[in-house]
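Those protein sequence lines, which keep their order, are chains A and B.
Oh and the first sequence: position 174 is 174 in the numbering used here, straight run, nothing missing.
Oh and the second sequence: position 132 is 132 in the numbering used here, straight run, nothing missing.
To be clear, the hints were calculated from the coordinates, so they are not data collected in a lab.
You may find that some hints are simply not true.
Claimed, not checked - As a list, the in silico DSS-like pairs of lysine-lysine whose alpha-carbon atoms are at most 27 Å apart:
(1) Lys-334(B) - Lys-423(A)
(2) Lys-68(B) - Lys-425(A)
(3) Lys-227(B) - Lys-423(A)
(4) Lys-59(A) - Lys-46(A)
(5) Lys-76(B) - Lys-414(A)
(6) Lys-414(A) - Lys-109(B)
(7) Lys-329(B) - Lys-7(A)
(8) Lys-225(A) - Lys-83(B)
(9) Lys-73(B) - Lys-224(A)
(10) Lys-83(B) - Lys-224(A)
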Amino acid sequence: MKAVRGKYFFGGVHPHDKKALSSACPLEVMPDPGVAVISTSQSLGKPAVPVVEVGQEVKRGELIARADGFISADVFSSICGTVKEIRDMTGASGAAEKFIFIENNGKTDTAYLPPLSTISADEIKARIKAAGIVGLGGAGFPTHVKVSPRTPVDTLILNGAECEPYLTCDHRLMLEKTDEIVRGARYIAIALGVKNLIIGIEANKPDCIAAFEPYEDIKVVILKKKYPMGGEKQLVYVTTGRKIGLPPKLPADSGVVVENVATAYAVCEAVELGKPLFERVLTVSGGAVTTPKNIWVKVGTKLEDIVNYCGGESLPPKKVIQGGPMTGMALANYDVYTHKTTSGLLLMTPEEAAAEEPTPCLNCGKCADVCPMHLMPMNTAFYSAAGDFEAAAKYGGTMSCIECGACEYTCPAKRPLIQAIRKTKAEMRKIMAGGQKK
Amino acid sequence: MNNEIVISTPPHVKSKRTTRGIMADVCISLIPCAVAGIVFFGYMAFVIELVSVLSCVATEFVYYFIAKGGFAKKCKNAKNVCKAWWKQFDLTSVVTGLILALILPVTVKWYEVLLGGIFAIAIVKMFFGGTGKNLVNPATAARVFMFISFSLTTYVAANYGPILDGETLSGATNLADYLLGAEHGHASALSTLDLFLGTGVNGSIGETCKLAILVGYVYLCIRQVIKWWQPVLFIGVFGLCAVLLSGFYFAPYRFDITLFLPHILSGGVLFGAVFMFTDYVTSPKGVYGQLVYYIAGAVLLALLRYFTKIEVASFGILLMNLFVPLIDKYCIRKPFGYVKEKKQKEGK
């Protein structure tokens, strides 16, 4: 359908998108790693429970850990090999995760599910669950939970905004796998029983917009280039005009479901090929990497291998980031393994990465001006520094924060606002939990 | 992989804007006013500007040197202390110094300016915790301090009027001259254009040439240091209030809408609206708070001017600054999507 312009939302920032570094690089498949180290915590919710024994031989796509509870997702082997070890290790986030070590035996056998013969809502839902699909945008919310909303839903929104600077994995996927994404979206729509299909694409990707326009059943919405346009609440608002209520509710409460384009692609593969989710597209970019690339990476690949595959460091990086530069995690070393949700690996030069000393707050209010959630981050920072977390949450609106990082990006004094917000959130959860016990 | 890798919370990219950069922008926007002052009032204006800036910066440096960390210890490695000072020096004291000079009349003595600068930085700013912590605008507070302490020389600034035969007319603002002038037959001495360009108008160094102020305003808006609507809202409300208050005047000028321009162009209102009301530190942080602040400030200033008959922009700004914590407390933005939640509750 002909592309239309999206609504405007207040706030947001315009960081330099730096997508030109890798947006012209076609997708390529990275060779299987020698050892795949697969975490069992691949989604929001509970970690999965390993179902393989040490010494067992597994095929590509074989179930190695089963979902534990409703909000949890199955984990599959990404290579053919032997299970060497199952043990706890510190993950990238600093928390202990259970990892399954699989040593590659060089075979290419697959253990996919059978392709779906009949397409019906229940079967697609069962398949999404069986293929262990999670939201690939970053949060990793299990998709089978999303497609079983408790409230009636009438619209499916595909998130092709990719508002994070540097990242181009969704861009390339939308260009090269347009048809698969649309088919996947149709399957999700069948599972949800909705007719309205919307895809939101930021205006800096005109080639993607043109690619989706020929499909008559999907409405293309051009989004203004602005960060965080791809935030769930912002995307729902600009594409449909609906607001997602507070305190934090699901988009389903407003009658919409948001899925990332990469998730739609994974659903398409799961339905048509029976392929479980064990690989994803990852953008390797930044000024300190020799050749920026968009590559298909198996879950459980060591970041060091990825950096080496891209030609290594061209100069010593100041920061190594897993994910996008606005919300991603800074890593201390390359001794980290990819997850289903790892969308990027950025090696930033000292010029790119900000690491300035904070100066005193000027009360300029720029953080509040750019907050897409209309909060007042300076109040959170002010009161949490004084130790009054309840006032911080009250005057800063902290509990509604989506941690997009726009406030800290724009702060002329370079105050660590996100740090203050996270601290306040943690303290407030403690206070609220304590209050309930009484 | 090396050891220089930095770990921090996101975001990992930040804007190029810094406090120092913003303050440099403010300094640049003040240059037209400063130059206009020198053109109209001669070299003494330059001397006052220089003394004021130097005294502010020097006070900040001396305070930085003396306060905290042991004086003797700091004397020993004075070089490092100076380097550290330069690193954290964010040009705020230069801005304070410039503004202070521009809101003083040219007749003020240089040592009075020196004292004013010391008062602005040491007492108003540094005693309260330095940049970002001061309760009131340092330049404004210093201006009021000088007005009270050295009223003989500073009062002229409050006593605007056309320069006639080398003497300042007694009376209030230019506006009063407008009204009185009509009676005494020299209204032509001061046209609206004169007020706008500052030709033949007595007043503070930087406040007389409104054209220079507008140039600074445009620059600040382009650089997004201030929001364009802030001074516009203030000036608009102020002008309307002034016209409404003219209902108490005698007949020909009652509710005279043509008084709007002379009102906003006289005295220090325009300068205050562009450079002093918009001071980050002493104005509310949220948009709603700012709306309240500018409207209340405009009404207050119009009332003050009507009842006191002298130039009171700095008093009005000082008073409004003190209300800012209160405004900040009650003007909180509702998070995105908040309204919807309320509706649903009512439905249940």
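Problem set entry | 27 Å limit on alpha-carbon distance, applied to hinted pair Lys-83(B) and Lys-224(A) | The given pair, whose Cα atoms are some 44 Å apart, is violated under the 27 Å limit.
Exercise. Taken at face value, is the distance from the CA of Lys-109(B) to the CA of Lys-414(A) at most 27 Å?
Worked result: violated, 40 Å
Exercise. Are the Cα atoms of Lys-76(B) and Lys-414(A) separated by 27 Å or less?
Worked result: violated, 31 Å
Exercise. Given the hint that Lys-334(B) pairs with Lys-423(A), does the C-alpha gap stay at or below 27 Å?
Worked result: Satisfied, since the Cα-Cα distance of roughly 21 Å is no more than 27 Å.
Exercise. When you check the alpha-carbon spacing of Lys-329(B) and Lys-7(A), does it fall within 27 Å?
Worked result: violated, 31 Å
For this session: For the pair supplied as a hint, Lys-68(B) and Lys-425(A), confirm whether the alpha-carbon distance does not exceed 27 Å.
Result: Not satisfied, since the Cα-Cα distance of roughly 34 Å exceeds 27 Å.
Exercise. Within a Cα-Cα threshold of 27 Å, do Lys-227(B) and Lys-423(A) meet the stated pairing?
Worked result: The given pair, whose Cα atoms are some 31 Å apart, is violated under the 27 Å limit.
Problem set entry | Straight-line alpha-carbon gap Lys-73(B) to Lys-224(A), limit 27 Å | violated, 56 Å
Exercise. For the pair supplied as a hint, Lys-225(A) and Lys-83(B), is the alpha-carbon distance within the 27 Å limit?
Worked result: violated, 41 Å
For this session: Below or equal to 27 Å on CA atoms is what counts here, so check Lys-59(A) against Lys-46(A).
Result: holds, 25 Å
In the structure shown, a violation is registered for the earlier hints numbered 2, 3, 5, 6, 7, 8, 9 and 10, in ascending order.
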